[in-house]
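Take the sequences, apply the hints, and build the full model.
Residue numbers (the working numbering), protein chains in the order written: chain A, 1 to 428; chain B, 1 to 237.
Don't take every hint at face value.
[Unchecked claim] Incomplete in silico selection of chain B near chain A, CB under 10 Å: (1) Pro71; (2) Tyr88; (3) Ala146.
Simulated from the structure, these hints should not be mistaken for laboratory data. Keep in mind that this is a model prediction, so the values were computed, not measured. The beta-carbon is built from N, C-alpha and C at its ideal position, and this holds for glycine as well.
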Amino acid sequence: MKSLNNIIKKEMKELLTPATIIPIIAMAFIFGSIGTSMEGIQEGLNEKPVIGYIVQDTGDLAILATSILDNRSEIVFNSTSIDDKSIGLEQVTQNDGLALIVITQNFSENIHNEKQGGIEVYWIMKGAGIMDSISSEAVEQLIRSINYQISKNLIEENTTVNATIALNPSNKIDTTYFKGKELNQLSPGAIIGLLSTQSFLIPVVMMMIIIVAGNMVISSMAMEKENKTLETLLTLPVKRTSIVTGKIVASATVGLIFAIIYMVGMSRYFAGFGGFTAGLNLADFGLALTTSDFVLIGISLFVALISALALCMLLGTLAKNYKSAQTLTFPITMLALVPMFFTMFVDFDTLPLALKALVFAIPFSHPMMAARALIFNDYLLVVSGIIYVTIFAIVTISIVVWVFKTDKLLTGSIRLKKFADIRKRYRR
Amino acid sequence: MHTVEVKNLVKNYGAIQAIKGINFDIDQGEIFGLIGPNGAGKTTALRVISTLLQITSGSIKVLEYDVKKDPEEVRKLISYLPEDAGAYKNLTGRAYLTFIANFFTDKNKKEMIEKGVTIADLENRIDDKVDTYSKGMKRRLLVGRALMTDPRLAILDEPTSGLDVVNAQEIRRIIKDTVKAGTTVLLSSHNMLEVEYLCDRIALISDGIIIERGRPKQLMEKYNVPNIEEVFTKVVK
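Here's what the structure looks like:
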């Protein structure tokens with residue numbers, strides 16, 4: 001029994017290291033935060049959506065629809081004339097509202113005559129993240145309530161309207177205003193669906209490349225130290241910049257090969273979930289990327305990968321062996337996960353200033369955001385991102401080369417050892 | 001001109017002073033031994049001369065180049081064999097030698113690699129992965145790597161460390177032959193017999209200071225002892 005305890009204790013000590021504990025705690029924290037955010041969104045859904053409306057019809061069903069809008073939403077604009085549409089849109093935008101709803105002329109008469117009544121929804125879309133689609137869902141819910149109440153009303157009154165109209169009394173026509181574009185026949189939900197490749201696939205693939213390639217660089221440095229090959233390498237007639245660049249370029253190349261493999265698999269995966277946007281194509285709505293856009297995305301990806309690997313190289317210089325290298329990949333994993341989640345859930349433009357600064361400062365955010373930004377001609381974000389990440393990469397590589405030229409690469413652990421010795425002495 | 005000229009060399013690791021102002025020089029074609037107890041500063045001195053560590057104060061010249069000012073030029077002249085050096089495990093012995101040769105020359109690359117293969121003397125095993133080598137085989141490969149480039153200065157930290165008697169003898173013979181071909185050698189060793197056999201001159205270092213130096217024979221006469229081991233014991237005590 002004593003021997004068994006001894007073995008269990010030793011195994012537990014080996015297994016419960018910062019390298020194993022910290023990632024678990026971090027993941028728990030991330031999922032906890034997501035859960036908390038979702039609760040917040042659910043609470044938000046219960047709040048009345050901010051809208052404006054124009055009711056062009058004075059019939060009974062239009063009055064019913066208006067009463068639902070009045071009761072279940074916060075109205076910031078109302079009118080009876082379509083000529084006021086632009087004023088209405090301005091009012092809704094100024095009040096951080098979601099949509100301007102127009103109950104069209106002859107709404108009630110059409111329904112009573114077995115035709116669908118027209119509801120035009122002019123969406124003010126703020127962002128293309130999942131959370132943005134959830135906020136627009138509140139308005140969708142409002143329209144469903146109107147339909148439900150009209151259906152109920154028609155059936156209760158036992159009118160002669162046919163079943164199809166009774167079940168679908170209105171015809172919703174969506175127009176979405178997003179990042180300076182007017183997108184006809186598209187609701188925010190449909191746009192978010194169309195942008196799923198940019199919102200999900202690219203961030204996930206980017207995160208995978210950074211983690212995989214970054215792990216390779218850190219491990220490579222750790223293996224050089226563990227296998228005692230680093231000292232020999234550093235005394236060969238080769239420039240420090242060549243060693244650093246060689247390691248970064250090799251890892252970036254392998255990382256990109258992995259990215260292509262992931263991209264193929266992940267695009268099939270997302271295609272499998274793309275049913276709700278089947279038949280719709282970004283190009284049909286003037287949202288396609290041009291050749292120059294693809295070049296910019298490529299540059300953004302390249303500089304982000306180089307900066308990630310330079311950062312990993314810097315961390316790798318601290319690695320004493322392969323095991324310690326695994327712990328050092330954690331900051332990089334976190335830096336890749338944060339922008340990935342932000343890109344998925346929210347839009348950069350809708351973030352508070354402090355979070356915007358944080359996301360912009362993380363170099364890996366930029367290729368994740370680039371495609372979506374370019375679709376909406378936000379060249380400033382992409383180009384400024386490329387410039388920032390290039391500067392970040394140059395500075396980081398310079399620091400790495402400097403570390404390679406100093407004693408720190410070989411004696412980095414001495415201070416820690418010395419510190420440990422002092423601590424031991426102090427304990428005694 | 002000396003091949004190596006060390007003047008008032010000081011090396012600090014933070015508050016720890018590992019080398020406290022040492023002076024020595026090595027002539028061309030000489031085998032110079034740095035000996036001393038564990039932690040005396042031997043390896044630190046070799047690492048500083050090899051451009052691996054920065055000089056805190058003082059100066060080192062390797063031929064006409066200053067180690068502090070022209071480390072890249074110095075690296076073209078030297079070959080450093082660390083005590084516990086390793087080779088890339090996923091490469092074969094020959095591929096490792098080729099990898100190293102690629103840093104030095106394009107013209108005589110084949111000859112350089114063949115020289116490394118001959119020194120390593122691993123026969124057919126040279127084409128096996130380094131991962132499968134015994135400690136002795138690895139050391140032979142690394143000695144081959146260090147000497148195949150015909151360096152002007154070979155810096156060898158415990159060159160026969162971990163080798164059996166036969167292999168150690170062979171390595172010593174190779175070092176002697178290399179010197180005949182024009183290489184200067186600076187080595188450190190714990191093996192006093194090796195030092196006595198190989199070195200033209202030695203310096204005894206203790207606690208970062210050179211406390212004795214000279215030709216092995218002169219030192220044995222000075223301390224009236226039959227071997228360097230006893231010189232070492234007397235001087236260090």
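Now for the hints, and whether the structure bears them out:
Interface hint status for Pro71 of chain B: upheld, as the beta-carbon distance to the closest one in chain A is roughly 8 Å, under 10 Å. The criterion of a C-beta within 10 Å of any C-beta in chain A is met by Tyr88 of chain B, whose closest approach is roughly 6 Å, and the hint holds. This hint holds: Ala146 of chain B has a C-beta 8 Å from the nearest C-beta of chain A, less than the 10 Å allowed.
Comparing the model with each earlier hint shows no violations; every hint is respected.
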